[in-house]
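Visitor: Please put together the full structure from these sequences, using the hints given.
Order-wise, the sequence lines are chains A and B.
Per the working numbering, the very first residue in the first sequence carries number 1; after that it's consecutive.
Per the working numbering, the very first residue in the second sequence carries number 1; after that it's consecutive.
Note that these hints are calculated values from the structure, not bench results.
Accuracy of the hints is not assured; some may be wrong.
The list treats identical chains as one, so a pair stands whether inside a single copy or across any two.
[Stated by the list, open to error] Dumping the calculated DSS-like pairs for lysine-lysine here, alpha-carbon to alpha-carbon at most 27 Å: (1) K373 - K154; (2) K262 - K304; (3) K373 - K114; (4) K300 - K373; (5) K81 - K309; (6) K310 - K81; (7) K304 - K17; (8) K300 - K81.
There are 2 protein chains.
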Amino acid sequence: MPVFAREEYLQRLQETKRRMNAEGLDALVVIDHSNIFYLTGYDGHSAYVPQALVVIAQEEEPRLILREMDVPGDTAFIQPKHIHGYPEDYIAHPRAHPYDYFGDLFRQWGIAGKRLGVELDWLTPNTHQRLQQAVPNARFVDVGNLVTWQRLKKSPAELAYMSQAGVIADLAMQAAYDNIAVGVRECDVAAEIMAAQVRGTPEFGGDRPVTPAMPTGSPRSAAPHLSWTDARYENNSVTNIELGGFRKRYVAGLSRTLVLGKPEDKLTRLHEATRDAFEAVFANVRAGWTCEEVEALYRKTTRKHGFEKKSRVGYAMGIDWTEKTASLRSGDTTVLEPDMTFHLMAGMWYDDWGYVLSEAFRVTDRNIESFSKLSRELFVK
Amino acid sequence: MPVFAREEYLQRLQETKRRMNAEGLDALVVIDHSNIFYLTGYDGHSAYVPQALVVIAQEEEPRLILREMDVPGDTAFIQPKHIHGYPEDYIAHPRAHPYDYFGDLFRQWGIAGKRLGVELDWLTPNTHQRLQQAVPNARFVDVGNLVTWQRLKKSPAELAYMSQAGVIADLAMQAAYDNIAVGVRECDVAAEIMAAQVRGTPEFGGDRPVTPAMPTGSPRSAAPHLSWTDARYENNSVTNIELGGFRKRYVAGLSRTLVLGKPEDKLTRLHEATRDAFEAVFANVRAGWTCEEVEALYRKTTRKHGFEKKSRVGYAMGIDWTEKTASLRSGDTTVLEPDMTFHLMAGMWYDDWGYVLSEAFRVTDRNIESFSKLSRELFVK
Numbered sequence: 001m002p003v004f005a006r007e008e009y010l011q012r013l014q015e016t017k018r019r020m021n022a023e024g025l026d027a028l029v030v031i032d033h034s035n036i037f038y039l040t041g042y043d044g045h046s047a048y049v050p051q052a053l054v055v056i057a058q059e060e061e062p063r064l065i066l067r068e069m070d071v072p073g074d075t076a077f078i079q080p081k082h083i084h085g086y087p088e089d090y091i092a093h094p095r096a097h098p099y100d101y102f103g104d105l106f107r108q109w110g111i112a113g114k115r116l117g118v119e120l121d122w123l124t125p126n127t128h129q130r131l132q133q134a135v136p137n138a139r140f141v142d143v144g145n146l147v148t149w150q151r152l153k154k155s156p157a158e159l160a161y162m163s164q165a166g167v168i169a170d171l172a173m174q175a176a177y178d179n180i181a182v183g184v185r186e187c188d189v190a191a192e193i194m195a196a197q198v199r200g201t202p203e204f205g206g207d208r209p210v211t212p213a214m215p216t217g218s219p220r221s222a223a224p225h226l227s228w229t230d231a232r233y234e235n236n237s238v239t240n241i242e243l244g245g246f247r248k249r250y251v252a253g254l255s256r257t258l259v260l261g262k263p264e265d266k267l268t269r270l271h272e273a274t275r276d277a278f279e280a281v282f283a284n285v286r287a288g289w290t291c292e293e294v295e296a297l298y299r300k301t302t303r304k305h306g307f308e309k310k311s312r313v314g315y316a317m318g319i320d321w322t323e324k325t326a327s328l329r330s331g332d333t334t335v336l337e338p339d340m341t342f343h344l345m346a347g348m349w350y351d352d353w354g355y356v357l358s359e360a361f362r363v364t365d366r367n368i369e370s371f372s373k374l375s376r377e378l379f380v381k
Numbered sequence: 001m002p003v004f005a006r007e008e009y010l011q012r013l014q015e016t017k018r019r020m021n022a023e024g025l026d027a028l029v030v031i032d033h034s035n036i037f038y039l040t041g042y043d044g045h046s047a048y049v050p051q052a053l054v055v056i057a058q059e060e061e062p063r064l065i066l067r068e069m070d071v072p073g074d075t076a077f078i079q080p081k082h083i084h085g086y087p088e089d090y091i092a093h094p095r096a097h098p099y100d101y102f103g104d105l106f107r108q109w110g111i112a113g114k115r116l117g118v119e120l121d122w123l124t125p126n127t128h129q130r131l132q133q134a135v136p137n138a139r140f141v142d143v144g145n146l147v148t149w150q151r152l153k154k155s156p157a158e159l160a161y162m163s164q165a166g167v168i169a170d171l172a173m174q175a176a177y178d179n180i181a182v183g184v185r186e187c188d189v190a191a192e193i194m195a196a197q198v199r200g201t202p203e204f205g206g207d208r209p210v211t212p213a214m215p216t217g218s219p220r221s222a223a224p225h226l227s228w229t230d231a232r233y234e235n236n237s238v239t240n241i242e243l244g245g246f247r248k249r250y251v252a253g254l255s256r257t258l259v260l261g262k263p264e265d266k267l268t269r270l271h272e273a274t275r276d277a278f279e280a281v282f283a284n285v286r287a288g289w290t291c292e293e294v295e296a297l298y299r300k301t302t303r304k305h306g307f308e309k310k311s312r313v314g315y316a317m318g319i320d321w322t323e324k325t326a327s328l329r330s331g332d333t334t335v336l337e338p339d340m341t342f343h344l345m346a347g348m349w350y351d352d353w354g355y356v357l358s359e360a361f362r363v364t365d366r367n368i369e370s371f372s373k374l375s376r377e378l379f380v381k
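Guide: Put into structure tokens, the structure is as follows:
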């Protein structure tokens with residue numbers, strides 16, 4: 001069963017076709033698996049082999065090309081005869097490539113000589129060449145993030161899943177808080193966080209934590225993207241907990257920092273600067289602001305406290321943790337509209353510790369609303 | 001702290017340089033993050049932004065280029081002055097690209113006009129062009145999976161981690177067996193499996209389950225790559241449990257099938273055919289066999305039982321779940337050597353259920369050895 005109603009998928013496709021029409025495209029080859037999920041509901045963990053969704057301007061339902069073994073996955077809304085499996089023999093074949101099979105289908109569908117949009121950033125130079133060879137008369141046009149931009153603004157049904165993801169994120173953060181203690185191994189805390197993320201609530205379960213939580217204690221927390229180890233938390237450990245709640249592929253990010261013992265003065269001041277910046281953003285931002293204005297307000301507030309954040313302060317969030325569209329950074333003039341969703345992410349890293357605070361939010365006409373209900377405190381245990 | 005001893009990294013690099021020399025390369029740009037980990041120990045979860053390891057033929061230690069915030073991650077064995085951070089401003093910049101910064105470094109290192117190997121399959125057509133523009137006088141050569149092939153044969157230290165991964169996989173499978181029952185939600189079972197994977201044992205913890213276990217009950221188990229849902233297991237559910245034990249980035253895959261109730265006759269016969277094929281492979285294969293000979297023996301055995309497996313029966317496994325090198329399939333004439341590691345993966349999927357059995361193994365001169373100690377039974381509860 002697909003995640004959304006047929007009607008919603010058809011509306012999304014209509015919008016995609018409108019954008020295709022503006023680019024003069026006869027068909028669009030979608031390869032980004034998050035976009036395939038967005039437009040059809042197909043949710044196989046199968047993007048490590050070639051696959052594509054082909055949106056044909058003149059057809060109501062798109063066509064999905066998968067590896068044969070993945071065809072029975074009944075998660076796309078489209079009719080079975082629009083789901084095409086290529087034979088197993090193409091997998092890891094020394095000469096043949098699944099795109100040869102794609103080419104035959106394109107000819108059958110009458111689009112092999114047409115103007116075809118393609119998500120070029122999801123091809124390699126070699127697969128790009130294979131695709132061109134498979135349909136040598138097609139004119140390929142790179143559409144960049146055409147579909148991804150469409151995902152920036154969420155539907156009520158999407159927002160409902162993101163709200164559930166927010167509830168799960170709060171539960172997972174609580175699990176982190178409850179389990180981190182002097183002498184406990186990082187991996188044991190990570191296990192409890194993961195279990196909370198996947199279990200969800202009795203009403204709705206969690207989805208795959210695509211981006212794992214990384215509750216690493218200092219000094220490893222001086223770098224933001226390291227995984228946990230077998231190390232035990234020590235007195236005065238500063239742990240950065242960046243995690244997500246995942247629900248039906250949608251994610252709500254959430255970060256807090258936890259200190260075992262008395263936080264050092266600089267950390268307390270950094271926390272206060274960040275909390276004030278968050279509160280300024282949540283008190284002022286609403287639809288109509290630009291991304292760079294949000295960043296400027298944030299930066300101005302922390303600067304008053306003597307802290308300068310060097311990296312961007314957030315980015316679009318939804319099906320992907322980091323969506324490749326709007327960034328809360330200087331130079332990004334995207335205008336916030338109601339029902340767009342972002343991750344406001346404040347992280348600063350020093351020589352032997354780091355500090356993080358983050359929340360996912362939704363834009364409305366009046367304000368922005370966090371998907372988390374947790375207080376914005378520095379956790380001290 | 002890097003995962004392996006400095007001496008081991010230097011040996012790996014020596015082998016890489018030998019292969020570079022055979023291709024006439026002055027330097028090699030490594031982008032596959034598993035290869036960067038293999039050659040240096042760098043283990044940041046940061047490959048979603050541009051980064052690269054540059055192995056220069058004339059230098060003992062390679063050079064790592066990361067986003068500035070990821071530089072403090074003390075996981076690579078190389079000296080700090082060989083780790084270069086590019087400024088945050090390059091991230092999501094509308095015009096500048098981190099590769100511009102890479103180009104400046106290449107000039108500084110005297111390799112901007114040289115013959116440079118590159119892992120082309122890790123670039124897109126656009127990033128490939130950016131890289132060429134950054135060093136217009138370089139001659140780029142696609143090295144394909146040059147480093148990945150080097151990883152096929154494991155060192156004693158790598159095999160020790162894979163053995164630990166095998167222990168963790170057995171524990172996670174036990175968690176699946178213990179928790180699947182009529183009326184239980186799939187997500188609650190997934191939570192217990194994940195926790196077991198991450199917790200590991202009291203002696204060694206588990207690592208990120210990069211490929212999540214997907215304990216989906218029938219009829220969804222008719223497709224191999226679907227995630228769990230909130231659905232509850234029902235009487236006669238057939239659940240395919242494909243999971244990994246993860247330890248210091250190394251994985252040992254393991255799959256079993258569990259039936260709630262009495263298995264239908266066809267499933268029992270398929271299980272017996274598969275188990276016999278596994279036992280034939282484990283009784284006969286040793287160093288000196290080719291990949292396609294393993295597949296032929298497997299296929300011959302199941303065929304005696306009236307079952308024809310259409311997809312390959314395995315692939316190289318190690319740092320990645322599916323390594324892009326040898327496949328146990330017809331047409332692959334790679335000769336097995338001692339200490340190569342594979343995942344023997346038998347999966348067959350029918351209209352409304354599927355069956356899986358898999359184990360990771362190591363090749364020796366006398367036989368092949370499974371990383372799992374579990375019996376090869378069809379779980380019935």
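Visitor: Next, verify each hint and record whether it holds.
Guide: Status of each hint after checking the structure:
| no. | hint | result |
| --- | --- | --- |
| 1 | K373 - K154 | within (20 Å within a copy, 48 Å between copies) |
| 2 | K262 - K304 | within (25 Å within a copy, 69 Å between copies) |
| 3 | K373 - K114 | neither (51 Å within a copy, 56 Å between copies) |
| 4 | K300 - K373 | within (25 Å within a copy, 59 Å between copies) |
| 5 | K81 - K309 | between (52 Å within a copy, 24 Å between copies) |
| 6 | K310 - K81 | between (51 Å within a copy, 22 Å between copies) |
| 7 | K304 - K17 | neither (48 Å within a copy, 52 Å between copies) |
| 8 | K300 - K81 | neither (56 Å within a copy, 34 Å between copies) |
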